[in-house]
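What follows is each chain in one-letter form.
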Amino acid sequence: AQSVTQLGSHVSVSEGALVLLRCNYSSSVPPYLFWYVQYPNQGLQLLLKYTTGATLVKGINGFEAEFKKSETSFHLTKPSAHMSDAAEYFCAVSVPSGNTGKLIFGQGTTLQVKP
Amino acid sequence: ETGVTQSPTHLIKTRGQQVTLRCSSQSGHNTVSWYQQALGQGPQFIFQYYREEENGRGNFPPRFSGLQFPNYSSELNVNALELDDSALYLCASSLISGPQETQYFGPGTRLLVL
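Sequence lines, in order, name chains W and Y.
Residues in the first sequence are numbered consecutively from 12, following my numbering.
Residues in the second sequence are numbered consecutively from 89, following my numbering.
Extracted from the complex, chain W is given alone in its bound form (with noise of 0.2 Å):
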């Protein structure tokens, strides 16, 4: 069965410092991973993802994520955390369901940059 686990629900960063946000994933086929973004009160934005081709792929606002297949990863960052970057992130797996696809998220992991 597929999941995903997102490691450290709370991350901390200062203004500026490097942002990494942990994803490992199970899955009993080739994987699509994504990255989304939640603010407060808000839906789900797409980060990125990633289906074919090159490991690493680059999204919205800085950030970019690498898959690496050997260790069921799919880990995001950013070189330089900004005030508006605080937010949920959620990591998810995509597998097939009927015809298209059906979303499997991670728990979350909340993300705080301080001044």
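Hint data in this document are derived by calculation from the structure and do not stem from the laboratory.
Honestly, I wouldn't trust all of these hints.
To be verified - One-sided and incomplete, this derived list gives chain W residues near chain Y with beta-carbon spacing under 10 Å:
{"no.": "1", "residue": "Leu29"}
{"no.": "2", "residue": "Gln53"}
{"no.": "3", "residue": "Leu57"}
{"no.": "4", "residue": "Asn72"}
{"no.": "5", "residue": "Phe74"}
{"no.": "6", "residue": "Gly112"}
{"no.": "7", "residue": "Gly117"}
As the list claims (entries may be wrong) - A few chain Y residues that don't get close to chain W, going by computed Cβ distances all over 12 Å:
{"no.": "8", "residue": "Val92"}
{"no.": "9", "residue": "Gln105"}
{"no.": "10", "residue": "Val120"}
{"no.": "11", "residue": "Arg145"}
{"no.": "12", "residue": "Tyr160"}
{"no.": "13", "residue": "Glu189"}
To be verified - Which bits of chain Y does chain W cover? Going by a derived footprint, with three or more residues having C-beta under 8 Å, they are:
{"no.": "14", "segment": "163-175"}
{"no.": "15", "segment": "190-196"}
Owing to the predicted nature of the structure, the values given are computational and were not obtained by experimental measurement.
Heads up, the beta-carbon is just placed ideally off N, CA and C, and yes, glycines get one too.
Fit chain Y to the known structure of chain W by using the hints.
Relative to the frame of chain W, chain Y by itself:
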């Protein structure tokens, strides 16, 4: 802005009542999925509709049901509400079939069951 809208934004119901939540997808998106997000948790897949037919279902009881209409709108119906149904309900639409396709989420409906 994802182009996916949901109504109402907030709703308060009492245990045992029924509720209908609505979603309007982007034009041309033939797939809509519904997710339940309890406080402090990741979203959980409820079910999915593809071309107006149920296309997959998560671990939710039959009192959770849905409809998808030809005009890219959809509904989530929950009967016999329980306290644990209190959550943020998200709908997401995608353009074409396939697990690699991006799902675009609406802002959600926050349901409180008293």
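Comparing the hints with the structure gives:
1. Leu29: Violated, about 24 Å.
2. Gln53: holds, 6 Å
3. Leu57: The hint holds - Leu57/W has a Cβ within 10 Å of chain Y, the shortest such distance being about 6 Å.
4. Asn72: At 15 Å from the nearest chain Y Cβ, Asn72/W fails the 10 Å test, so the hint is violated.
5. Phe74: With Cβ-Cβ at 15 Å, over 10 Å, it is violated.
6. Gly112: holds, 3 Å
7. Gly117: Hint on Gly117/W: holds, closest Cβ of chain Y at ~6 Å, below 10 Å.
8. Val92: Its Cβ does come within 12 Å of chain W, the nearest being 8 Å, so this is violated.
9. Gln105: holds, 24 Å
10. Val120: The claim breaks: Val120/Y does not keep its Cβ more than 12 Å from every Cβ of chain W (closest is about 10 Å).
11. Arg145: violated, 9 Å
12. Tyr160: The assertion about Tyr160/Y holds, with a minimum of 15 Å to chain W.
13. Glu189: Per Cβ check, Glu189/Y is inside 12 Å of chain W; nearest 7 Å; violated.
14. 163-175: Violated, because only 0 residues of the segment 163-175 of chain Y bring their Cβ atoms closer than 8 Å to Cβ atoms of chain W.
15. 190-196: holds (count 7)
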